[in-house]
Amino acid sequence: MNAIEANNLFKSYRSVQALKGVTFQVGKGEVFGLIGPDGAGKTTIFRILTTLILPDKGSARTDGLDIIKDYKEIRTRVGYMPGRFSLYPDLSVGENIDFFANIFGVTLEENYDLVAPIFRQIEPFRTRRAGKLSGGMKQKLALCCALIHKPSVLFLDEPTTGVDALSRVEFWEMLASLKETGISILVSTPYMDEAARCDRIALMCEGLILEICPPPARLEDYFIELMTRNG
Amino acid sequence: MKCLKFLLRKEIIQFRRNKFLPRLIFAFPILIMLIAPIVANMEVRGVNVAFVDCDHSAISRRVLSHLNASKHFMVKQVTADYLLAYGLLEAGRVDVIVSIPEGFEKSIMGGIVPKIKVDANAINATKGMLGSQYIMMTIASALSEVAAENGLSMSADSDPASVRYFYNETLDYRFYMIPAFIIILIQLVCCFIPALNLVLEKEKGTIEQINVTPVSRLEFTLSKLIPYWIIGLVVLTEGILTVGLVYGLWPVGSTGAIYLAAILFTFAMSGFAVTIANGSDTMQQSIFVLFFFVMIFMLMSGMLTPLGSMPRWAQWITVVFPPRYFIAILRAVYLKGTTVLELGVDYLALAGFAVVFCMVAALTYCKQE
Numbered sequence: 013m014n015a016i017e018a019n020n021l022f023k024s025y026r027s028v029q030a031l032k033g034v035t036f037q038v039g040k041g042e043v044f045g046l047i048g049p050d051g052a053g054k055t056t057i058f059r060i061l062t063t064l065i066l067p068d069k070g071s072a073r074t075d076g077l078d079i080i081k082d083y084k085e086i087r088t089r090v091g092y093m094p095g096r097f098s099l100y101p102d103l104s105v106g107e108n109i110d111f112f113a114n115i116f117g118v119t120l121e122e123n124y125d126l127v128a129p130i131f132r133q134i135e136p137f138r139t140r141r142a143g144k145l146s147g148g149m150k151q152k153l154a155l156c157c158a159l160i161h162k163p164s165v166l167f168l169d170e171p172t173t174g175v176d177a178l179s180r181v182e183f184w185e186m187l188a189s190l191k192e193t194g195i196s197i198l199v200s201t202p203y204m205d206e207a208a209r210c211d212r213i214a215l216m217c218e219g220l221i222l223e224i225c226p227p228p229a230r231l232e233d234y235f236i237e238l239m240t241r242n243g
Numbered sequence: 551m552k553c554l555k556f557l558l559r560k561e562i563i564q565f566r567r568n569k570f571l572p573r574l575i576f577a578f579p580i581l582i583m584l585i586a587p588i589v590a591n592m593e594v595r596g597v598n599v600a601f602v603d604c605d606h607s608a609i610s611r612r613v614l615s616h617l618n619a620s621k622h623f624m625v626k627q628v629t630a631d632y633l634l635a636y637g638l639l640e641a642g643r644v645d646v647i648v649s650i651p652e653g654f655e656k657s658i659m660g661g662i663v664p665k666i667k668v669d670a671n672a673i674n675a676t677k678g679m680l681g682s683q684y685i686m687m688t689i690a691s692a693l694s695e696v697a698a699e700n701g702l703s704m705s706a707d708s709d710p711a712s713v714r715y716f717y718n719e720t721l722d723y724r725f726y727m728i729p730a731f732i733i734i735l736i737q738l739v740c741c742f743i744p745a746l747n748l749v750l751e752k753e754k755g756t757i758e759q760i761n762v763t764p765v766s767r768l769e770f771t772l773s774k775l776i777p778y779w780i781i782g783l784v785v786l787t788e789g790i791l792t793v794g795l796v797y798g799l800w801p802v803g804s805t806g807a808i809y810l811a812a813i814l815f816t817f818a819m820s821g822f823a824v825t826i827a828n829g830s831d832t833m834q835q836s837i838f839v840l841f842f843f844v845m846i847f848m849l850m851s852g853m854l855t856p857l858g859s860m861p862r863w864a865q866w867i868t869v870v871f872p873p874r875y876f877i878a879i880l881r882a883v884y885l886k887g888t889t890v891l892e893l894g895v896d897y898l899a900l901a902g903f904a905v906v907f908c909m910v911a912a913l914t915y916c917k918q919e
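These protein sequence lines map, in sequence, to chains A and B.
Heads up: the first sequence begins at 13 in the working numbering, then just goes up one per residue.
Heads up: the second sequence begins at 551 in the working numbering, then just goes up one per residue.
It cannot be assumed that every hint is accurate.
Unchecked claim - A short, non-exhaustive set of chain A residues, derived as facing chain B with CB atoms under 7 Å:
id	residue
1	Thr88
2	Asp102
3	Met186
4	Ser189
As the list claims (entries may be wrong) - With a straight-line Cα cutoff of 30 Å, these simulated DSBU-like cross-link-like pairs (lysine-lysine) come out:
id	chain 1	residue 1	chain 2	residue 2
5	B	Lys621	A	Lys162
6	A	Lys69	B	Lys555
7	B	Lys555	B	Lys677
If you're looking for bench data, these hints aren't it; they were derived computationally from the structure.
Built from N, CA and C at the ideal position, the CB exists for glycine as well.
The shape of chain A in the complex, shown without the other chains:
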């Protein structure tokens, strides 16, 4: 069973066609990257697979569950980190973690092993308000909150946008260690250099997947060539 199966997804927002028939699969324990410029439809795919919006056409399964029929069950099994920092800025680091643990009915201690590598880095700031953290720290906290209930599929929408170079490298190292625990990860990024750290990538442009492949060397050139070939 695949972690994610998307079949011919269509979605439009009023006059804008965000997705024009998107099909891909993500295997269990795989790190799958959605690579493409802004407006390619990456966030729309995330929102459909995490049951936040419904597709106009097509079907999808997340962790083997239908996104329309079993949306309630999916919400207990996925971890989602939106592109925009969306934890409570007026709650402290510890309070945010406790809050999200509580509403999933778990405790930090229960799943400590999973989040420990990330949590240890933000632990010194436990009493600081989330809104007062640096960009990199915010991302680590958000990842921590998205992992707190031990999800089987992790959705990371542009997790490294607006984060300094060093924190980006750190962040991807954390993802690599998460992969070891068997979590499947769908991650999007506009940065070509990060694509190399995925198992497979989907190159996206204007609501279409141009190609799905293992990250090639000289990705940038490849992407430009692909785009010109597709007009």
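Chain B: place on chain A using the hints.
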């Protein structure tokens, strides 16, 4: 429902961390109740009077001295020239002209009831009406004094009727308005704060993170409503205490009846506000839509002007306004001591709104688009 506890705890932490809100909720009711009843007063003071005396008699001077003695009037001009006085009225220097005709004393002594002319500027309708009424009362008391001194009877039908005012003996408009101010307070707090809180979650994007969790929409909606029910009652308590301590007006009826109505009212209004917030994407949207409704509620629910003086069709529209029932209950219980049973219909209407609006609030919140 196991998540509700954690959601509420989060709301309380956020409320306490907010630098502005707790202070606002503490200070706002007290300030409003200290200022509003004093400034929003229809009592007529300082009516400027021109006294046109064409009689120059002892009795006309007696009338003048009575006018001078009254705290309501300022006699600006005493003259025998009506046109001069009329000029002053037109210029806005005086509000009322009292004209004593020639031969006034003579006709009184002859036992005939004389006519006194009173002209009032009615641009400010209340001032014109009440001012001329006060003048009439003052003149009547002056004349009856004169009549008594001279052993005259002033013809049977001019016997001053004895009037006694119930529930508000001093005819203080303030007491009539205080329940309305309390309602305006609760309405502002229970409408705007929960709605803005919810839209803020949308603008900050935090609601997105909640939407992918197993939190049910009823739990989430309740977590937005319950804190404001409590705050609504805190505001009510502050209002009642301020009014009682400052103006000496304590509820005549039972406090329980007031709180029961207030609880139903806060349910209804906060549910209504959250429904609007659910349909808004931005703060501006929700504020303007709410402001529109709050204005209409204030103008049409009988808070400022009586329901009965509106046209029939407008009265029918107010049937769906929750504040209409709350103001009726609050005035009756506060000023007259009416009981819950006697106001059963109003309580039932409020309860109906409470249930409907809270349900609509939960149903219109969509975790999925």
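Hinted contact Asp102/A with chain B - closest CB pair below 7 Å
Status holds, d = 5 Å.
Taking 30 Å as the top limit, are the C-alpha atoms of Lys69/A and Lys555/B close enough?
violated, 38 Å
Less than 7 Å between beta-carbons is the criterion; does Met186/A satisfy it with respect to chain B?
Check failed: Cβ of Met186/A comes no nearer than 19 Å to chain B, outside 7 Å.
Is it true that the CA of Lys621/B sits at most 30 Å from the CA of Lys162/A?
violated, 79 Å
Hint consistency between Lys555/B and Lys677/B [alpha-carbon to alpha-carbon, up to 30 Å]
This hinted pair is violated, its Cα atoms lying about 56 Å apart.
Take the shortest C-beta to C-beta distance between Ser189/A and chain B; is it under 7 Å?
violated, 23 Å
Any CB of chain B closer than 7 Å to the CB of Thr88/A?
holds, 5 Å
Hint compliance for this structure: hints 3, 4, 5, 6 and 7 are broken, all remaining hints hold.
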